[in-house]
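J.: Chains as they are written, first to last, in the numbering used here: chain A, 1 to 227; chain B, 1001 to 1227; chain C, 2001 to 2227; chain D, 3001 to 3227.
Watch out, some of these pointers could steer you wrong.
[What the hints assert, rightly or not] 30 Å max Cα-Cα, derived DSS-like pairs, lysine-lysine:
#	chain 1	residue 1	chain 2	residue 2
1	A	K70	D	K3005
2	C	K2189	C	K2024
3	A	K24	D	K3070
[Unchecked claim] Stretches of chain C that chain D covers, calculated by requiring three or more beta carbons in the stretch to come under 8 Å of a beta carbon on chain D:
#	segment
4	2079-2092
5	2136-2144
No lab work stands behind these hints, which were simulated from the structure alone.
A quick note: this is a predicted structure, and the numbers were derived from the prediction, not measured.
Glycine included, C-beta positions come from ideal geometry on N, C-alpha and C.
Protein chains: 4
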Amino acid sequence: MIKIKTPFFIVNPKSYLYGADVIKLAKLADKVSARYDIDCIFTGQLVDLSAIHEAAPNLVLTAQHMDSLKPGRGMGHVLPEALKNIGVQAVVLNHAENPLTIATLDRSINRAKEVGIMSIVCSDTPAQCAAIAEMHPTMMICEPNSLIGTGNISNDEYIEQTNRAIRDVDKNILIMQAAGVSTADDVKKVLGLGADGTGGTSGIIKAPNWEEKLNEMMSAMVDLKES
Amino acid sequence: MIKIKTPFFIVNPKSYLYGADVIKLAKLADKVSARYDIDCIFTGQLVDLSAIHEAAPNLVLTAQHMDSLKPGRGMGHVLPEALKNIGVQAVVLNHAENPLTIATLDRSINRAKEVGIMSIVCSDTPAQCAAIAEMHPTMMICEPNSLIGTGNISNDEYIEQTNRAIRDVDKNILIMQAAGVSTADDVKKVLGLGADGTGGTSGIIKAPNWEEKLNEMMSAMVDLKES
Amino acid sequence: MIKIKTPFFIVNPKSYLYGADVIKLAKLADKVSARYDIDCIFTGQLVDLSAIHEAAPNLVLTAQHMDSLKPGRGMGHVLPEALKNIGVQAVVLNHAENPLTIATLDRSINRAKEVGIMSIVCSDTPAQCAAIAEMHPTMMICEPNSLIGTGNISNDEYIEQTNRAIRDVDKNILIMQAAGVSTADDVKKVLGLGADGTGGTSGIIKAPNWEEKLNEMMSAMVDLKES
Amino acid sequence: MIKIKTPFFIVNPKSYLYGADVIKLAKLADKVSARYDIDCIFTGQLVDLSAIHEAAPNLVLTAQHMDSLKPGRGMGHVLPEALKNIGVQAVVLNHAENPLTIATLDRSINRAKEVGIMSIVCSDTPAQCAAIAEMHPTMMICEPNSLIGTGNISNDEYIEQTNRAIRDVDKNILIMQAAGVSTADDVKKVLGLGADGTGGTSGIIKAPNWEEKLNEMMSAMVDLKES
């Protein structure tokens, strides 16, 4: 598994983009993250991941889902070994739009370790953050379910409580706070409150100029590193 | 919420028994647990819970499932307030035959507290035990999924590891070890290894004489208390 | 299984009511349906069904959900035999708030037949209506998912298309059209368009006077029979 | 959408193969199906589909799953437009290892039509076959759930009943009977009983020589056409 530098960035197009559009965004993310020497996690539709990897080889190629099965039966399931084989380096699990049972999440985190993929697990409340931290994924994304898709940023109390809940259990888990983050100020705020990484979905996708938006957000991370 | 005395016992007929049969078993469990002054958790089909409560009022009346909704829409969902209203004192959540997502389990444990019902959460691996303990249910049942329905008892290492995983997070959670427990010796073994409670399903249901079996298992708990 | 007279009525309190409140509504439904000699399907929380049956024995006692398992393992599942045993006469399946896979619905309809319970299956589009009719439940409820909880009544085209989709497959299935029905005029409209039954949830629960509302709606059915 | 010639063949590696292995099998299937001028449906892991298409352009490129969402939110979901964009021509839905609710299957079949992908829906009992046929997918695969993974072929009665159940509803749906099919005789048998296509998973994957096995099975289809 690769080792991520902090602060790092995530571009998560969910199901908003595919094909030529997601390749275009990936190339821009590759270029801008190289400019600022920032590790950039980038997700895409499973069928597009190979092409994203080829077009933007410096991005941390990331799947939006993975199942926990081993090679064998399992129709329509996402096989960890198949992801690893095409260069996938990380997988997002337990997003509110794709929640997992505790037993499945436990197995999936272990399977990710087994095949050498970083696990990035989404979480809502501080109690859920602590619970998930006990299963020791590589990273976590804290996002209050009530804010998903609203464009509103998490309040300070939520960010501080969830960071603490995770760190009290396992200091080595990298933490992303990304709910509603869409400006340089948002980036500085959440990193200032202790997050290791940030980024976004609609804040980037819906910006009139993707390169400018990526530049605005990633340059804010550098300002912070240098200050 | 009531306060459970340790060591305590659980009789969990799952979907094996209903109607007159489950009432018969409940009356026997009520009688035998009174004889040994043991708190006895007893589950049943939701439609039978009122009748069980009336026939065996000293049992800790327990539902096998509950949803996390509040009064309102929700067709076919199990409303916490409706359980509390008929005298339900505890609910089992996250059984391997009925697994929950982390977000749902978090909400259900909180709803149980809200309405005054004890939450009893099932768990498999030590990592899952620690994770669930972070959400602070009243009790936990540790059972390796691979053993469910086999009639085999958990090995010592599993029992010790899961007890420790839970206690390291929250000392106040009561722990049941019940996988494959079906004899006086089994009861003594798991309590000797640190469990607060034990009991069973098929070990009891399939015994030729229910009263004798309950007597054998519960008397073993008293021997242990007195030794 | 009992034989339902048409036109019939349904009162479906979902998770809005429990305990004393649902008993009160059941008694009123029992009284008003007796007054007009109308068969009245009445649902409730599983834990309340016994008490509803005792308080209002003429209602068609109906569960809001049922699983397809047979007596045995199955923690937290709703056993058909346990329902039948306490007097349940019908079960609602596949509500939009509790959707089933095709294989599960097929098994559940068959289990209902096996134990002598009427199956009432919810459906959305005309294509889904035809599909479900091929599995031959006792009754169907047609409700556009987009209208659930809105208080709006289905338009004529939807009612006619779904009625036809079902009758083209199986003329013996009784059809309820109940989306947004809450007045005497609504009742006359949907029965006039060919439904065998109607009724409601929020249109009844939220009425200031339950008895008056039930009287208004059920008397409209009689007017129609006599006209 | 393309038009499939009958009799056609399916190679469905599920999660048994990925990467170089699935490419190797795809090339052989491409070669052998060209030899006999047979349309060959070929599935693979989503991340491998682009590479399969490039290596074996004559195969009917097929996804093992698809969601019904439209471009937008939807983390970890499989977007129909993203499949179409990389050349996917068909998608398998409702496999017993990935069952769908009726509402979701209805939406997914419609979304497949919308984007120009053939829908191939799996089914178990004759009642389920008729139900699914009412939603008019392009093709259906009949497979008794009890046989999946056993290597046993469906009996004549099952094949005839399910063929009839589908054809009575919609004569245009192409029917595959593939449970346990692994020899030239199996192929002749199921096509002789009226299926439009056949093929397999473990019968092919586990054969000592993939090319010989594909040759044996596909040549049997030609014999039949010519006889």
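J.: Each of the hints needs a verdict: does it hold here or not?
T.: Each hint tested on the structure:
Taking the CA atoms of K70 (chain A) and K3005 (chain D), the gap is near 35 Å; set against the 30 Å cutoff, the hint is violated. With a CA separation close to 28 Å, the supplied pair K2189 (chain C) and K2024 (chain C) stays within the 30 Å bound. Of the supplied pair hints, the one linking K24 (chain A) and K3070 (chain D) holds, its CA atoms being roughly 20 Å apart against a limit of 30 Å. Closer than 8 Å: that is the beta-carbon criterion, and the segment 2079-2092 of chain C has 0 residues meeting it against chain D, so the requirement of 3 is violated.
Only residues whose C-beta sits within less than 8 Å of a C-beta in chain D count toward coverage, and the segment 2136-2144 of chain C has 1 of them, not enough to reach three; the restraint is violated.
Comparing the model with each numbered hint stated earlier shows that hints 1, 4 and 5 do not hold.
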